[in-house]
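**Student:** Chains as they are written, first to last, in the working numbering: chain A, 1 to 390; chain B, 391 to 780; chain C, 781 to 1170; chain D, 1171 to 1560.
Quick caveat, the hints were computed from the structure, so don't treat them as lab data. All figures in this text were calculated on a predicted structure; none of them were measured in a lab. Note that the Cβ used here is the ideal one computed from N, Cα and C, for glycine as well. Check each hint, because a few of them may be wrong.
What the hints assert, rightly or not - Computed from the model, here is a short list of chain D residues facing chain A with C-beta under 10 Å: (1) A1181; (2) P1182; (3) R1205; (4) E1438; (5) L1441; (6) E1458; (7) G1493; (8) A1550; (9) Q1554.
Claimed, not checked - Derived pair list, reagent style PhoX-like, types lysine-lysine, alpha-carbon separation capped at 20 Å: (10) C:K833 <-> C:K968; (11) A:K272 <-> B:K662; (12) A:K272 <-> A:K53; (13) D:K1223 <-> D:K1358; (14) B:K578 <-> B:K443; (15) C:K1052 <-> D:K1358.
4 protein chains.
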Amino acid sequence: MVEARDDNADAPIRLGMVGGGEGAFIGAVHRMAARLDGHYQLVAGALSADPDKARRSGAALGLDPARCYGDFVAMARAEAARKDGIEAVAIVTPNHMHAPVAHAFLEAGVHVICDKPLTTTLEDARRLAAAAERSGLVFCVTHNYTGYPMVRQARAMIAAGELGDIRVVQVEYPQDWLTTDLESTGQKQAAWRTDPARSGAGGCIGDIGTHAYNLADFVTGLELKELSADLTTFVPGRRVDDHVQIMLRYANGARGLLWASQVAPGNENNLKLRVYGTRGGLEWRQEEPNALCYTPFGEASRRLTRGSGGVGPAAARVTRIPGGHPEGYLEAFATIYAEAAAAIRAARAGRAPPPDVVYPGVGDGVKGVALIEAALRSSAANGQWMTLAR
Amino acid sequence: MVEARDDNADAPIRLGMVGGGEGAFIGAVHRMAARLDGHYQLVAGALSADPDKARRSGAALGLDPARCYGDFVAMARAEAARKDGIEAVAIVTPNHMHAPVAHAFLEAGVHVICDKPLTTTLEDARRLAAAAERSGLVFCVTHNYTGYPMVRQARAMIAAGELGDIRVVQVEYPQDWLTTDLESTGQKQAAWRTDPARSGAGGCIGDIGTHAYNLADFVTGLELKELSADLTTFVPGRRVDDHVQIMLRYANGARGLLWASQVAPGNENNLKLRVYGTRGGLEWRQEEPNALCYTPFGEASRRLTRGSGGVGPAAARVTRIPGGHPEGYLEAFATIYAEAAAAIRAARAGRAPPPDVVYPGVGDGVKGVALIEAALRSSAANGQWMTLAR
Amino acid sequence: MVEARDDNADAPIRLGMVGGGEGAFIGAVHRMAARLDGHYQLVAGALSADPDKARRSGAALGLDPARCYGDFVAMARAEAARKDGIEAVAIVTPNHMHAPVAHAFLEAGVHVICDKPLTTTLEDARRLAAAAERSGLVFCVTHNYTGYPMVRQARAMIAAGELGDIRVVQVEYPQDWLTTDLESTGQKQAAWRTDPARSGAGGCIGDIGTHAYNLADFVTGLELKELSADLTTFVPGRRVDDHVQIMLRYANGARGLLWASQVAPGNENNLKLRVYGTRGGLEWRQEEPNALCYTPFGEASRRLTRGSGGVGPAAARVTRIPGGHPEGYLEAFATIYAEAAAAIRAARAGRAPPPDVVYPGVGDGVKGVALIEAALRSSAANGQWMTLAR
Amino acid sequence: MVEARDDNADAPIRLGMVGGGEGAFIGAVHRMAARLDGHYQLVAGALSADPDKARRSGAALGLDPARCYGDFVAMARAEAARKDGIEAVAIVTPNHMHAPVAHAFLEAGVHVICDKPLTTTLEDARRLAAAAERSGLVFCVTHNYTGYPMVRQARAMIAAGELGDIRVVQVEYPQDWLTTDLESTGQKQAAWRTDPARSGAGGCIGDIGTHAYNLADFVTGLELKELSADLTTFVPGRRVDDHVQIMLRYANGARGLLWASQVAPGNENNLKLRVYGTRGGLEWRQEEPNALCYTPFGEASRRLTRGSGGVGPAAARVTRIPGGHPEGYLEAFATIYAEAAAAIRAARAGRAPPPDVVYPGVGDGVKGVALIEAALRSSAANGQWMTLAR
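Looking at chain A on its own, in the form it has when it is part of the complex:
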């Protein structure tokens, strides 16, 4: 169970945040995730590029005004100089700021928890990964769906061979919030996510396609060999893709489809993964995350539920409450934070991270950016099969 996993007697990790001020969405999510298990204490922030807003946002969160910074450069410098400076920083800005902010804090010796996609270009991603590796610091990318217990269960079952050899991967992430040109109404989330200068060249592919890819990658462990993509922009005037369909070929011969859409009415965050092998199948859906459908070939299908006896240690480790009491998105997000905390605490103590800790790292972040790049490349070439650049 998560709460008892770490030694909470150990003082909480001092956390800073860049981005996430008034009106932001994901900043509040990161804060709740950081609070849930008590592993972190938020003590500093550069919450907005607008200094007034940064100050107001910090005050609303009870931060010491002296530690509400107007920009991340000042914050990195000042916190590095404090004896009680932050140990970790959460980066929750629009995508184009991930790289510069992350570099600044890595240079300041601060562990990084960064939202996805890692960067807006593959070159930036590689450079950042190299810096992260040189630093020896913890670098966590919040591909948060990997934090769901039943996703861990799925991964463990596949790793244990319960599905046999994997043949088919079906992953999809439809949404509907960009069915109309919401960006023209001034809605903040829509505005930056459809602006290539802030989100990168990918729209839907970057925002949710990467999540879908990461989920399939995490659960199956298969190596993607090549892809054929058809990206579309349906809403007139939109500057990035809002619909993604990709055919996948894996190195072991498996085949797959990745579908992501932001223009599919009736879908909120309907991320779903289905995997089929020679011996059975699995199905998991983010909107009902506490169950995993397991279909052993030739037998009745089974509904495995989080917290129940039929579920193994990989899921149990990241489970907080008994079966039938649903855990949700914030708990999965908090699990990523808890796993990063375990690694940070191990670093603090000069120990290696616990062996069973799993959190998406900078390498996963690079893979996500490589997916965006390859999908854009393939789509521009009318669906020609492309390999992911390394």
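Given chain A, work out where chains B, C and D should sit, using these hints.
**Tutor:** Frame of chain A, contents of chains B, C and D only:
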């Protein structure tokens, strides 16, 4: 309501059957479909290519031994010569026999109800279509899923513009029955369906891919512009594809994915269609066919149910019993038979068929064969975009 | 599989029908059920008490005008006198006519298939049962939900002890069609079903409460010891109950609840049964009848599906088509007809009925009427515990 | 949205906890709920009646050893004497300790957040309620299911008349964890919950029956007039009931059933509420809490989802993240804590609590105990109708 739709006082249509003897699957389905609404009476058959089996099968069905034929040529000739000869024939043989049998009965002036895919080659399909058109006879191809009331409802809603302009089509038909090499065990269905000499060059694409395509085609009415296909054979030794993934581009700019598989454990006949437009979406699944999920953009999703007040005349016409009492596969199949009956009776009376009668015709059959051909062509060309030959 | 079960070469059973003329609901259901498997041929009818309507209704069904009778007495007499007279009669009138019609045909030596509830009073029910037993004829009461394959599967699993000792029975049948005073609009179904002179003293308890009770009785085989009922009439002016709640105590110590309602908006025919024992549970719902949820204690829950390998012979016997192709209400109804046909054919041949044939008999009909009587009695006594009269 | 609702700049509320040491379940839940929104800081505890365990448990949570007390009396006294003493206490002990602990802290001027059922006897409950009212302090009883956003939505819709006059209430809470005599294995939760000395005279009725009742009460606002109960103990040797069935009559004429069971295999925490009125129905299930099924009479049923546009302010107020990202049990629990925090902060500032704050109070706790008492009384009288004592 179906039962009262036609004038049952009119004598039942005299029906013959080719194929469908002992051990067959689809023949029994056709017979139940023909019986349910009382429009047909089975009076003759060439139920097997094996004369003994043909006789035994006919006897078990109560046929007059004199009308249990050893081959379809004899049957067509003899029935044409009888005053009380059959008016229609149901062709339920393996695929490679569809064309010769259909030609024989068309030449004998008999209406045809033929299973799908229409033929094993596109050339045959076109020739048969031409013959059917020349004959002036009713030619029905049993793309039976179009008989479901809620599929009719979906079609009517899209035609009425309730979804706005269609942008996205997602259709899938996963099964699991060919996960292993069942054909090597002597199982009759598996044997002929994986034998190119009897099923045609397509395996999964012909057997169920055509159903998925037909369903999307029927419901959306969109013109398919081109496709990029990746067909796979997973089971060692299998001679046809058992897994299909296709990217679709429609003439109006819509995009889509078609996935069909016979190696996806846990899926029985999990045909599902999702369509999204500028104003809303629809979702329908064959295994729970009495409901249609309608998701108007920005509103709560709605569950429309067969037989309820919220459902329009296109569905009501083909509904037999009130809502909450499920209708199934046989009822939908029977609806195709009932619609063909209406057309045959109109022909009998020298009238035009009733204007609201909808049944898949020979043109739909040709489209299905064209899909197979284009998918095979594209897959052989490593997924190159191909148009459907006409 | 149903189609092949009987020797169809044997001539169809000559069937008559009383009731079920124009505008009726259940008559058409009986006719489709009789046709589906080819065991019956409808040859005579007294389809309406109104002679003109009787004639018109018969003509629409293609009956010989000479065998369209104006009343059931004439029909019983005339058919008994014919050499090719009916062998069986389907009684599909309002409830108050079941007894007189059934008596008339039993006396004429005709097998009876009668809708439920058997009669409008318990005294009538017992008298009819005695007559049926004396006659030696087949007497089938169409508690049709027992015809669903997965209901058969549930019964077989409980009989085999897979649930251990049964502790809890939860059965419910909510509808919504009488939420308003539909009877005052002239709707025919509502009019007679809420008229004590035609439906009997029970409203909801008789119409659907008996189905719920029969289903629990059929599946569990438990003996009901006593009940405490609270019947309510919610719609002003209605003359019978439209809402039923009953606490159940079984002879083995099991407990249960029976809920039936005709005023629960959003429920069409939402019959559901849940049974729990010391070793596991089962759940089945009529609106998704092709699956049975099986929950062995301490293990993952399983979804058993009709037509799949995990399902036993009791279900397989009454299955027509493979898994994933849904069967529905008409198929289950047809199974009752098919089982009655097997018994009638055995009688025709002077044989005992096949040992595995299961159809609800006159004894089940009496039990249903006893339930109505006891529930009315208990409710009138403010919920006092009552035993079912025998 | 919850996070922004209160002024977080205001210092967190200093919280103590009684109970909830090593091996406890609900204590950890309370702590996560208290942490999620940042309104509380846990600073003191009497976490176990075993002083060593109390110390160890406190250390694991990072508490100051000086504030890890061996008993609640000492804790109340010492904390009251500190300038930085606790402002609120969470009582998470077995039921029999709720009353003495709550009295001690009320006397010490500390706000109380107490688990349910409030007390083990109705007399104790009334005395405690009187003390709470005299104190003027906040007294929150964690009937946590009322914290779910879609439960708030249901309540608001009924209050607004969207269902018309309520006729039918169906509430059920089946579990399976006590299907066997788990208490004899030493499992801590089972041991105290089946021990009348610690849980009170009610077993299942107290542990989960009260939750079911409270949920129906909260959502419908109907006054319960009388009940007829049948409580059963199925597991041999068990000292309290493990199965509850109750018929309900409401003051407005509505009828209902309450079913709770701890011996229903396959049910984890399957709390479900259905309410039907003259104009429509609602259905909500705790295991899929982010949706509410709304069935307006005569229209298609609708699926309202948390965080979507179709949901009103009562739900939106207690929503943290957008639709499609599921919230769960901890979030709902945290909402109760957040609402209590708003009241406590208002008290701190000498203000009245915000008008829209809804949390279950001591009066709700008394109602729950009255339900237990009346159900036991009715069941002992063979189901005689009983009113709830006041």
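**Student:** Look at each hint and say if it fits the structure.
**Tutor:** Hint check results:
The beta carbon of A1181 (chain D) is positioned within 10 Å of a beta carbon in chain A (closest approach about 7 Å), and the interface hint is therefore held. A cut of 10 Å between beta carbons decides the hint on P1182 (chain D): the least distance to chain A is about 8 Å, and the hint holds. The interface hint given for R1205 (chain D) is met, as the beta carbon of that residue sits about 5 Å from the closest beta carbon of chain A, less than 10 Å. Given hint, E1438 (chain D) at the interface with chain A, holds; its Cβ is 2 Å from that chain's nearest Cβ, closer than 10 Å.
Interface restraint check: L1441 (chain D) against chain A, minimum CB-CB distance 9 Å, threshold 10 Å, status holds. A least Cβ separation of about 6 Å between E1458 (chain D) and chain A falls short of the 10 Å threshold, and the interface hint therefore holds. Interface hint status for G1493 (chain D): upheld, as the beta-carbon distance to the closest one in chain A is roughly 4 Å, under 10 Å. For A1550 (chain D), the interface hint is violated, since its Cβ never comes within 10 Å of a Cβ in chain A; the closest pair sits about 30 Å apart.
The closest approach between the C-beta of Q1554 (chain D) and any C-beta of chain A is roughly 33 Å, which is over the 10 Å cut-off, so the hint fails. Restraint check for K833 (chain C) and K968 (chain C): satisfied, since their Cα atoms lie roughly 15 Å apart, inside the 20 Å limit. A hinted pair counts as satisfied when its Cα atoms are at most 20 Å apart, and K272 (chain A) with K662 (chain B) qualifies at roughly 15 Å. The hinted pair formed by K272 (chain A) and K53 (chain A) fails the criterion: a straight-line CA distance of about 37 Å is larger than 20 Å.
As the CA atoms of K1223 (chain D) and K1358 (chain D) are separated by approximately 15 Å, the hinted pair is consistent with the 20 Å bound. Our distance criterion of 20 Å between C-alpha atoms is met by K578 (chain B) and K443 (chain B), whose separation comes to about 15 Å. Distance check on the hinted pair: K1052 (chain C) and K1358 (chain D) sit about 35 Å apart at the alpha-carbon level, beyond 20 Å; violated.
Violated hints, in rising order: 8, 9, 12 and 15; the structure is consistent with all others.
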